[in-house]
Amino acid sequence: MIHLTSRRWKTALKLFAVVALLYGASQLSHTIAEAVEFELRPSNEHVVHRFIMLSAFLYTGLLALPFVPGAEIGMAMLVALGPPISFLVYICTVIGLCFSFLIGRYVPLKFLRLFAGAIHFSRLAYLLEQLEPLDRKDRIGYLAGRDDKLTSTFLRYRYVGLALAFNLPGNFLIGGGGGIGMIAGMSGLYSFSDYLIAVMIAVSPVPLLVSIFGTGFLA
Amino acid sequence: MFSRLAVIAVILVGSAFLLGYGPNLAASKTDIPRIENMESVGNTGPLDGMEFVSKLGPEGKPKDVDDRFVFSDGTFVSKECELRCSYPARAYYIKETNTGTEFVSNTKCPHKDAEITWHGTVKGTQISGTAIWTIKRWYWTVTNTFEFEGQLNEKPSISAVGS
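Residue numbers (numbering that gives the first Met the number 0), protein chains in the order written: chain C, 0 to 218; chain A, 0 to 162.
The following block holds chain A by itself, in its conformation from the complex (with noise of 0.2 Å):
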């Protein structure tokens, strides 16, 4: 009788540990940004109203993907994401370095259990930096690394500009 009880509580511990940590077991592992680092801007930042012409492909490989990021009212939004997965614009945090302006943003897919945490420095009319993109299903998680450049856009777009 005990060895019975025992083998199906050793079967539900197993199973509720699988369950649990199974899917992590090979996530991938990337150092996300930490936005703790940075300085929150509130509603104003020093990069709004600046729209870059971008491009975003995976770590070390060609960019063939074409963006628009746009930062307005303390918020940075990739016009790709929202019009893929709807990633809303969210707060963007800074630190001025010698660099120029690094920037930390963290959005999350509506539809998904999935976020993106974009960590780029915009110097001049240049930007540059990754994008970190983590998707959670019940069998795995996978992070992805994204690099992106891109150039100020002089006439950034009205819809742009207003969002």
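Okay, chain C solo, but in the shape it has when bound (with noise of 0.2 Å):
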């Protein structure tokens, strides 16, 4: 019982640490926006263009990767460059989740698993281990928890649960974006079409609004 308890307390510890780690990411973030007073300048222009596109390689490449918060980097360059990088922004999360689908799809389990526990990325080491001996649509009941009415379900809209899952507020608790795309690769229930239909109007929404309406409502 005390055991139960402590786990409990230890669970709700970490989520409010996640939760206050995000607050005080974008805290953080707006400040240095407002302390530095970005100006975009013909002199500066070069030099902040090599800038976003280490940030596009970095944030591309971290966004295809389960359980790194690939999706703040892309944040980050919406609030301090506003508007006008929201293409950019929108076009390199769509090829981070295409990236992460194939790597789900095309890479062998047993190789993901050792690469995993190889880089300590130990949740996602025991996931994978988890999956590996499943098939196809047990894979799937694990995940949502061997339920089977949820099963199906599941099954019927997984393009729909595939977009609300990456725009799910703490989706990083379950991979986030690079670990939702690598399990759909990995399931075999999505053709690669259809899916990167589902990602390039699942991930449009943040981008269209900061383009029309800009970064205030990011606050």
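Derived by calculation from the structure, the hints in this document are not laboratory data.
Any given hint might turn out to be false.
Heads up, simulated EDC-like pairs for lysine to aspartate or glutamate below, C-alpha to C-alpha not over 16 Å straight-line [said to hold, decoys possible]:
no.	chain 1	residue 1	chain 2	residue 2
1	A	62	C	38
2	A	60	A	146
3	A	107	A	148
4	C	109	C	134
5	A	111	C	44
6	A	135	C	134
7	A	60	A	153
8	A	60	C	134
9	A	122	A	148
Got two chains here, separate frames each, mind docking them using the hints?
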């Protein structure tokens, strides 16, 4: 009983720490953006361009990895550079999530599990270890908590579920965008072309809203 | 078979639309002065021989960049922009108004897809106006406005007169 209570407290503390971290990161990015009073000028444009290319490259790569908060880099780019950068952030998001899907689809699960273990991604390694012996349908069942009704509903509306999962606040707890994309690839339930369309629609709201209304609503 | 082709067609059309129109989706919108409303001065204009020592800065913010504006042989050049990105001297167009001689000049950077449209007014020994700078990269188009003001340099440098 004491052990159970202790575990609940630990989980609650972890959740609180994650929320506090996200809130702190958001406040910090706003403070930095205001402090720098960033102004694009002919004299600094080439430096800004290199910085943007590097950030876009990092963002795309990190977003493809499960349990890595890559989305925060995209948010930071939107906050710092405003509406004009929303198109690039959108393109990088789509490419990053396609990478994670293709990794899940074509890289053997065993290799992914060993790799995750080697870089000390213990939660991912554990998840892959659990999924490895299961067939495709059972993998979805496992992820849906072995609830048959939930599994069947999920399978029917799997693209809607995918789109919702990408936009779910706190989805980093289930691997973030990279983890969701990788699992979608592993599951074999999604065709790449349909997955691409689902991703293109699912990740469009934030960049689109920023390009229309500016970054104010992100605060 | 048809649905697969339809999906591929949607992806191709969507991608083409995004690549073509996307960078302009959130482009800054600024009214760039139209040269059509102005009068060409040819090789000699009323502002030729004038050099202004000026300050330049982002719209509504302190003017923190020193610059020299030179009118010569029917052209206008910002020496700071010439130094930074080789923006060349380009023809200027004028219109006489109650507030002085209004001018417009457009120049393009030879190294990247960027241009500046200078729009100002010369009244006596004073110059003031705006420079609208547009930079296009494959992922965005940004337009920023800068303001400038300056004083006539009574003793222009030899290079400025000759340029």
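Okay, the hints, checked on the actual structure:
1. Our distance criterion of 16 Å between C-alpha atoms is met by residue 62 (chain A) and residue 38 (chain C), whose separation comes to about 13 Å.
2. Restraint check for residue 60 (chain A) and residue 146 (chain A): the C-alpha separation of about 9 Å stays at or below 16 Å, so the hint holds.
3. This hinted pair does not check out: residue 107 (chain A) and residue 148 (chain A) have alpha carbons roughly 22 Å apart, beyond 16 Å.
4. Between the alpha carbons of residue 109 (chain C) and residue 134 (chain C) the distance comes to roughly 14 Å, so the proposed pair stays at or under 16 Å and holds.
5. Proposed proximity of residue 111 (chain A) and residue 44 (chain C) is supported: the alpha carbons are some 11 Å apart, at most 16 Å.
6. Between the alpha carbons of residue 135 (chain A) and residue 134 (chain C) the distance comes to roughly 50 Å, so the proposed pair goes past 16 Å and is violated.
7. Among the hinted pairs, residue 60 (chain A) with residue 153 (chain A) is inconsistent with the structure: their alpha-carbon atoms are about 28 Å apart, more than 16 Å.
8. In summary, the hint linking residue 60 (chain A) to residue 134 (chain C) is not supported, as the alpha carbons are separated by about 63 Å, beyond the 16 Å threshold.
9. Between residue 122 (chain A) and residue 148 (chain A), the direct Cα distance comes to roughly 11 Å. Compliance with the 16 Å bound is thereby established for this hinted pair.
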